[in-house]
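The hints should help you fit chain B onto chain A, whose structure is shown.
Going down the list, the sequences are from chains A and B.
Heads up: the first sequence at position 21 corresponds to 21 in the numbering used here, and the numbers run straight through without jumps.
Heads up: the second sequence at position 140 corresponds to 140 in the numbering used here, and the numbers run straight through without jumps.
Because the hints were derived from the structure by calculation, they are not lab data.
Keep in mind that a hint or two might mislead.
Chain B is nowhere near these chain A residues, computed Cβ spacing over 12 Å in every case [claimed, not checked]:
no.: 1; residue: Ala14
no.: 2; residue: Trp42
no.: 3; residue: Ala165
no.: 4; residue: Ala209
no.: 5; residue: Thr217
Covered stretches of chain A, as calculated for chain B (at least 3 residues, CB under 8 Å) [claimed, not checked]:
no.: 6; segment: 68 to 78
no.: 7; segment: 229 to 241
no.: 8; segment: 278 to 287
no.: 9; segment: 296 to 309
Chain B residues, not near chain A, derived (Cβ > 10 Å throughout) [unchecked claim]:
no.: 10; residue: Ile55
no.: 11; residue: Val57
no.: 12; residue: Ala68
Fair warning: this is a prediction, and the values are worked out from it, not measured in the lab.
Built from N, CA and C at the ideal position, the CB exists for glycine as well.
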Amino acid sequence: MTFPASLAAALALAVGFAVVAVVPAVLGARLEDPAPPGAGRWRRAGMAPWVRVARALGQRRAPTLAADRLLGAAAVVALPVVALLMVALLPLAGFRLADSAVGLVWFNALDVLVWALFWLIGWGPNSVYPLIGGYRFLAQAMSYELPLMFAITTPAVAAHSLRFADIVAAQHGLWFVVWMPVAFVVFCLGVVGFSLLPPLNHPAGVDIAGGVGGELTGLARLSVSAGRYLLLTAGSATAATMFLGGGAGPLLPAAVWLVVKTLAVACALVAVRTVVPTIRADRFVEVGWLVLIPATLLQLLLVSVLVGMGVLP
Amino acid sequence: MVGVAFWVLAAVAVAGGAAVFVVDSMARATYALALSFVAVGIQVILLGLNYVGVIVVLMMVMEMAIMAVYMIMFMGMNPALMPMSMVHSRRWSLATAITVFAVLVVGIVLTPWPTRSGAPGADTTVELGRALMEGKMLVMIGVSAVLLTTMVAGLVIALPRGRYDRLGEDLHRRPPADPQPGGVGR
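Bound conformation, chain A alone (with noise of 0.2 Å):
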C-alpha cells in the first residue's frame, strides 16, 4: 500500500474498532445503573456513552496542587493509542494494516505498556487515593500478567507461529478455544485486569473514591474511561483470533463474524460483574501465583504433548 492509502485505512480501522466499543461500553452502564426496571434503563444506557463525551467538553479542570504533568498527562493520553496499536497487526478479513511475524508479542509489550499508563496516571495527580490505585494496579498487574504470558504462549505453541495469521489458519476446523479452555478463559481475565473492568477493578475501587482515576475532570476522564473499553475490545478481538477462529464462519462475511465474535467476548467479559464481586489485588496476586500460572502451565503442557505426538491440529 502506499503511505496515503494506508493512512486511510488505519484512520478507518480506528473509526471503526471505537464505534464496535460502544457496544460493551452501553452494556458497562446500563449493568451499573441502579434505577428499577421499567425507568428506561436500556434507553438511559444507549446514551451514556454521549453523555459522558459531552459532560467531559463542558466539565471544567480541577486540576490538583504539584501534580506532575507532563507523566500524567501523557499516560492519559496513551491509554487509548495503545489500545488502537493492540488491533494493528491483527489479520481484519483479508485486510492487514500490518503483518509481522511477531503479532503475539506486539500485543504482549502493549499490555505490558498498560502497566506503565495506569501506574502514572494513578502517579500524576500527587493525590493518595490515586496513587494506591496505581500500585494496586500493579500489583494486580504482577499477578495476571504472568498466567497471561503462558495463555498467549499456547496458541502459539499449537500453530507453530507468532503470526496472528497462522494463528487463524491453524484453527481450521477446530477452534483453539475447544482444546486449551483455561488459556481462553485465563486470557479473557487478563484482559479484564488490564481494562480495569470488574471483577479486577479493584485499583480504580469505590473504597478508594474511583482510585487510579479519581482525580481526573474533564477530557482526561474521558480518554481513560474510553481507553479501558477500547482495551477492552482490542483484548475481546485478540481473544476472537487466537481462540475462537478469528474470521471463520458460515455465510457472512469474515469482518461481520469477527466483529461479532469479539463483540460476544467484550460483552461477556462485562457482564462478568453480575456474578463476580470485585476481588481485592491482595487477595488476587495468590490466585495469579498459586492457581491460574499452575494452570496455564499445565494446560501448555497439555498442548505441547498433543502437538509434539501430532495427534492435533
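Here is chain B on its own, set in the frame of chain A:
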C-alpha cells in the same frame, strides 16, 4: 525514511538517557530511562530484528514500571513530588562517564568491522539465535535451571517468615497466621 527514523530515535534515546540525571523526580527519571529503552527497542526493529526489538520494549517497560515502585519505596527521603537531585558524587561520576564513553568511541572507531558477505536470512531472529546459541544450547538450558534454583533459594533464605511461623511448631495450625491473608485460603 529509515534513515530519518534512525536519527530521530537515536536522539530520543540519548536525550532520554541524559534526562535521567537532569530531572528532579524519581518517577520522571525512571520513565525517561524507559523512553530511552523503548527508542533503542525500535532501533533494533529497524535492524530487522522484530522479535528482539519488541521483546526489548516489553522487558524494559515492565522492568521500569516495577523499578519505579521500589525506587520510590526504598529511597531515604520521600521523593514523591519533592524535587530531588538524581546525581551524587558528581565529579567522580562525570570522570568515569567521560572516560568510558571515550574508550567505547575509540573502540568503535578502531575496530575493523567486517563488511557484509551474503544477504541476511529470511528469519533474522532464527539466524541470530543460531549465531548466539547453537552448540551451546545444552549449556544454556542447564544454566537456566541453575539460575531459577538460585533465585528460589535466595528468596527462601531472604524470607523473614518460614512455614513454622505460619503453621506453628508442629505445622498443624489452620488457618495459618499470616500478616496478610491470601486469596486462596491456604
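Hints not upheld, ascending by number: Numbers 7, 9, 10, 11 and 12, in rising order.
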